[in-house]
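K.L.:
Residue numbers (my numbering), protein chains in the order written: chain L, 1044 to 1399; chain Z, 1044 to 1399; chain R, 1044 to 1399; chain H, 1044 to 1399.
Just so you know, the hints here were simulated from the structure itself, not pulled from any lab data.
Note that the Cβ used here is the ideal one computed from N, Cα and C, for glycine as well.
There may be inaccurate statements among the hints.
[Said to hold, decoys possible] A few chain R residues that don't get close to chain L, going by computed Cβ distances all over 12 Å:
no. : residue
1   : 1058
2   : 1151
3   : 1347
[Unchecked claim] Computed Cβ-Cβ distance ranges for the label pairs, DEER-style:
no. : chain 1 : residue 1 : chain 2 : residue 2 : range
4   : H       : 1260      : Z       : 1113      : 28 to 34 Å
5   : H       : 1369      : Z       : 1113      : 34 to 40 Å
6   : R       : 1214      : L       : 1362      : 43 to 49 Å
7   : L       : 1356      : Z       : 1365      : 38 to 44 Å
8   : L       : 1151      : R       : 1214      : 27 to 33 Å
9   : H       : 1072      : Z       : 1365      : 42 to 48 Å
10  : Z       : 1349      : L       : 1356      : 46 to 52 Å
11  : L       : 1068      : R       : 1355      : 28 to 34 Å
12  : L       : 1189      : R       : 1355      : 44 to 50 Å
13  : R       : 1188      : Z       : 1347      : 47 to 53 Å
14  : Z       : 1070      : H       : 1214      : 49 to 55 Å
15  : H       : 1305      : Z       : 1193      : 20 to 26 Å
Each chain, written out:
There are 4 protein chains.
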Amino acid sequence: MDMIVIMKTTAVAGDVERVVSRVSELGLAPHVSKGEFRTIVGAIGEKTPQFREQLEQLPGVDEVMAITQPYRLASREFHEADSILDIKGIRVGGPHVNIIAGPCAIESREVLFDVGKAVKDAGAAMLRGGAYKARTSPYTFSGMGKDGLQLLKEAGKQLDMPTITEVLDPRDVESVYEYADIFQIGARNMQNFNLLLEVGKTDKPVFIKRNPAASITELLMSAEHVLSQGNHRVMLCERGIRTFAGETRYTLDVSAVPVIQERSHLPVFIDPSHAAGKRDLVPSLALAGIAAGAAGAIVEVHSCPDRALCDGPQAVLPKNFIRLMEQIRQIADIVGHRVTLWGREDEQSRHPAVGD
Amino acid sequence: MDMIVIMKTTAVAGDVERVVSRVSELGLAPHVSKGEFRTIVGAIGEKTPQFREQLEQLPGVDEVMAITQPYRLASREFHEADSILDIKGIRVGGPHVNIIAGPCAIESREVLFDVGKAVKDAGAAMLRGGAYKARTSPYTFSGMGKDGLQLLKEAGKQLDMPTITEVLDPRDVESVYEYADIFQIGARNMQNFNLLLEVGKTDKPVFIKRNPAASITELLMSAEHVLSQGNHRVMLCERGIRTFAGETRYTLDVSAVPVIQERSHLPVFIDPSHAAGKRDLVPSLALAGIAAGAAGAIVEVHSCPDRALCDGPQAVLPKNFIRLMEQIRQIADIVGHRVTLWGREDEQSRHPAVGD
Amino acid sequence: MDMIVIMKTTAVAGDVERVVSRVSELGLAPHVSKGEFRTIVGAIGEKTPQFREQLEQLPGVDEVMAITQPYRLASREFHEADSILDIKGIRVGGPHVNIIAGPCAIESREVLFDVGKAVKDAGAAMLRGGAYKARTSPYTFSGMGKDGLQLLKEAGKQLDMPTITEVLDPRDVESVYEYADIFQIGARNMQNFNLLLEVGKTDKPVFIKRNPAASITELLMSAEHVLSQGNHRVMLCERGIRTFAGETRYTLDVSAVPVIQERSHLPVFIDPSHAAGKRDLVPSLALAGIAAGAAGAIVEVHSCPDRALCDGPQAVLPKNFIRLMEQIRQIADIVGHRVTLWGREDEQSRHPAVGD
Amino acid sequence: MDMIVIMKTTAVAGDVERVVSRVSELGLAPHVSKGEFRTIVGAIGEKTPQFREQLEQLPGVDEVMAITQPYRLASREFHEADSILDIKGIRVGGPHVNIIAGPCAIESREVLFDVGKAVKDAGAAMLRGGAYKARTSPYTFSGMGKDGLQLLKEAGKQLDMPTITEVLDPRDVESVYEYADIFQIGARNMQNFNLLLEVGKTDKPVFIKRNPAASITELLMSAEHVLSQGNHRVMLCERGIRTFAGETRYTLDVSAVPVIQERSHLPVFIDPSHAAGKRDLVPSLALAGIAAGAAGAIVEVHSCPDRALCDGPQAVLPKNFIRLMEQIRQIADIVGHRVTLWGREDEQSRHPAVGD
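Between the sequences and the hints, there should be enough to build the whole structure, so can you do that?
P.N.:
Right, dumping it as structure tokens:
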């Protein structure tokens, strides 16, 4: 898209339709974004100088802007208000803070259901668990695959929690779609563009983790790949960048939260578990992220971390997660946010988001 | 020091004296640290294997440990409880959270007193202001020097606030000592070892900022230089490390707070202003640091930042600082800490710290 | 693999066969590596303590070692001599230095053939050209796809040069296999493990670029994924890491060359073009890499870089490439290496490598 | 300086004098640089727009340029040709490559003279040795101080080699001036601006090492501090930056060499010893730097590194240094440079540099 067509507040539906069809005629791809007060039409394409004048003359059009940032649909310029996603009745983004928790990998029915129940009782809104694991070594456990997906689906149903799991391979998009509610794109796949395009073609939300060497612009460009395919439900996640500071596995770039929020309307989560690499540091980093205004956190919890098949040292124990959830709830309040307490008396957040 | 002599809880004063004099006889430097329950004697020196047995046989000695970390006096092993400093009646460290605020540089009486009054009214405990500025360019304002120190002293006196200012040169230690209450060692001088040794010879507290390329071990080693001279009142400050992430001036390594606290008894502050480099990001980073458990923050405030002679873009406006202080106070409570509200009804923090 | 079975120098073929079949019986995967003097059998699997004794008693076995590095087949311990690959009669690795050159992307028959002829005349041994391009933006040229592969195959045939091209998606492995001689795994896909496993199942050489956030251990683990599938023809490439130093696109970590050579038997190339991001810096970085002992360099060359559809600013002009090749040739000599001059009188390098 | 006054090629001495005195009158500091063909006068100061017109009207003035880079005297714009320094008859910079070698610290007369003789015989042009050592720990050897300086002076005299030693403290500038030929500013003091200003007031050359967190602009700004005091004999040195890559102590940023050469006229050295931290990697990095066009290298050599009091693991043995010098000499030739072979038949380099 080289242009944003900003409709007047008085524009009617027919005006928008006319702009859309004109944009298509010009060989550009139109993208409509309806705000509370006005509608904006993005027009993606290369040759535009002459088109701009043509579009500006259509009825209801207020202004046509050329834009120069490399990301477009992900930008605040394109969508001024915070995007609020509705995921199975749970609101994500804006003032809503959601905690995603669960084991790193799905290892067995028992662990998954135990941990799932524990995190739901503590107030987590969504359940995480990996069926396909990207492991550095070819000689280690790489996930239960489809059997794991099946268990995750059952756990989500029984606990009434939306589920999120990582998809590693474009060839797995179809089966992950069938079993889980949210696609997780791992840090190592943040620039696996074919994978991004595949999940962009679906209608399920996508949770993209920042690669440890990626700038914020690059992260937003990865979101743009998904958005450009018509899937507008994208969440971002800061999970630590690679720096010289070797005391933690990665360095949580907590400033990424306000920086992304300034540039983009998409919700920004943090992942304190992978940043820290050590259980004891997870609560401090989680609270730091929420205090900085994050839309939530994704936390690894395990009932028996010394037997975990994957990343045990960074998993929080259920009893400590209870205390952490309580502090997260209080800090969210102080910064004007509100934690979704799905498992409890949280009627308000059951209402579907308006105008998403 | 190659050894820590741990006295029994039943050891009496004479036992400690005997260990100290024996350590001296052996050609080692003794360092006594009295805890609530037991006393520990550090013995610094090179050849020790044979000495260990000798010391273990003295009355009242419980155990003699050899240590291998490169820092010693700064370590938790050496001083298990949090160090709580008493700075003009204000307690620093442990559960106490202190906010240091003021302009980057001392530019004029008017700005300094105006900003000082504003930050005190908002709840800041200490006043900052630079008289000697380390400036990258030889062609820019480098501080008012002694005239600035004089103004800072007057402001501190009138506002009843301890003052902190940077010392850049061993030759200035004497005059800074005369005018200010706390020596600040800037990030660029974190490994200016002669400067560290000079301030270590004084009895005024030292606030050491982490160099943007320094590991946490290196920061603790810089503290060790001060401690090794007998000055035990050291505070540390994370102010952002240098990473590829160019959206902020530096990357605030918020995990440094819990990591240092695990390894050292010294209070750890954060500096959100220099990390961010932009005013709008300062509150998020300040809150993140306090949520992560920091002993305080040092924040640049300016009443007229567009006319500031130094780092104007990162200075917070007084009106925004009021709101920030309120949020800091609330978040500190949630993590079990307590903000010193010096300018207000804060009787409790006027009591001198015990056993420091 | 948990063990390396080192055969005696006097062991005969039957001894090796017996070890291999015993390893298989024990449920481990055998991997035979024949050196000039002795044969080593790797045994990959989990439960081994009891097996070790059993294997040590077989005829011809000298020693059985357990190994602890996370990478195994990639290690010097496993294969002590430099691996020398034979790629269509060209030797790669050991003392042989090979220059791979060509345009970033295949854009047209004309440019590809022009540049190909120019680089061959200058002494390049292999031809590069991208048909599938990983592009940060979804709105930019992403390669000619199969049409590009077809052109590359024709150019390679006409110029008698082995060809290398990037594969981005496991679904493209089959078609890239059909058209090109070497699979390139780009930096963004270094940890796309499914892709690595797919190319590992083929019998064509694999050229893996280091991700800008990857440690050398992680790079060797990625090689291990390919090696573990039975494909032993792996080349590595340092192409710049992400650091704070913003004057170049990435920071070429030239020390990676000797560090990898110490740990691994695999050939290590450098990519000065992507590290620099600017044409003027490419020669200095290329010469630095060759002086540090690299097995070669991959250089982007374009006859008309200001019209290139991809990465034009870093492409060297053919006339400058001629001079660069001459300096590379001379520097390689000084460090005891020898540039393959495929297009010229280079009879020696046409001999197939022995014992690869 | 806000302006560069470019004199006409026909300008006579009186014209230059008139410009200089007018610049002074305007309250700006003049800085004259005489080139082979024309003279340039830098005018440093703040308020200039109105002055520009005034200066342009003076006789002999060709052009007055305002400049915007933060460094000025260090820039190519200010001094287009490479600066060639004359240090006791040895030419440094331009096509001249000089190797500085010696022990890390001066430990004893014997070691210093032994190593000094060995490196001179091998072809090193200058002798290094630390008398004041910046050591991370307060409990380790910190140099012999003045006794070390005295030994260095004697060694330099006996071997007829210029000497270089680090100065850590503004209070030591006078004594280092008395004993050594070149001031070394260590990486940790690169932004110790008072120290830079002090050595800038002397007439001895200054060798500034890049701080591991410093950008190239910051390094040039440190040079500017020295240059601004009237000392024009400045050399720069890349010695490794701090990155996540933990296999080496620091990451040698070899691209800094051509990047600095593009921006500045000052000679750029590399320090392979501190970058690598390991003896075995030093030759590769040294050759890489020379191949990239460096003006020289500073290499730690020790006859008995396992007994060295400082940085033994990175010291090269004399016998390996001989081979390294030979390769350096050959590679310098290939890139159009020429190694000063002071101890040998190097008559050409004894001529003093012209027009420095």
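K.L.:
Check the following: the C-beta atoms of residue 1070(Z) and residue 1214(H) are separated by a distance inside 49 to 55 Å.
P.N.:
30 Å, violated
K.L.:
For the range 27 to 33 Å, tell me whether the beta carbons of residue 1151(L) and residue 1214(R) fit it or not.
P.N.:
With Cβ atoms ~32 Å apart, the hint holds.
K.L.:
Falls inside 42 to 48 Å, the C-beta gap from residue 1072(H) to residue 1365(Z)?
P.N.:
At roughly 44 Å between Cβ atoms, residue 1365(Z) and residue 1072(H) fall inside 42 to 48 Å, so the hint holds.
K.L.:
Check the following: the C-beta atoms of residue 1189(L) and residue 1355(R) are separated by a distance inside 44 to 50 Å.
P.N.:
45 Å, holds
K.L.:
Given a hinted range of 20 to 26 Å, is it respected by the beta-carbon distance of residue 1305(H) and residue 1193(Z)?
P.N.:
46 Å, violated
K.L.:
Once the closest CB in chain L is found, is it more than 12 Å from residue 1347(R)?
P.N.:
Consistent with the label, residue 1347(R) stays out of reach of chain L, its closest Cβ about 20 Å off (over 12 Å).
K.L.:
With 28 to 34 Å as the target window, see if residue 1260(H) and residue 1113(Z) comply at their CB atoms.
P.N.:
Since residue 1260(H) and residue 1113(Z) have Cβ atoms about 33 Å apart, the given range 28 to 34 Å holds.
K.L.:
Is it true that the C-beta distance of residue 1188(R) to residue 1347(Z) lies inside 47 to 53 Å, as the hint says?
P.N.:
59 Å, violated
K.L.:
A range of 43 to 49 Å was offered for this pair. Does it hold for the Cβ distance of residue 1214(R) and residue 1362(L)?
P.N.:
Distance hint for residue 1214(R), residue 1362(L) holds at roughly 45 Å.
K.L.:
Measuring from beta carbon to beta carbon, are residue 1356(L) and residue 1365(Z) in 38 to 44 Å?
P.N.:
Cβ of residue 1356(L) to Cβ of residue 1365(Z): about 42 Å, so the range 38 to 44 Å holds.
K.L.:
Grab the minimum beta-carbon distance between residue 1058(R) and chain L and tell me whether it stays above 12 Å.
P.N.:
At roughly 27 Å from the nearest Cβ of chain L, residue 1058(R) sits farther out than 12 Å, so the non-interface label holds.
K.L.:
Note whether the CB distance of residue 1349(Z) and residue 1356(L) lies within 46 to 52 Å or breaks it.
P.N.:
Cβ of residue 1349(Z) to Cβ of residue 1356(L): about 49 Å, so the range 46 to 52 Å holds.
Of the numbered hints given earlier, the model fails hints 13, 14 and 15; all others are met.
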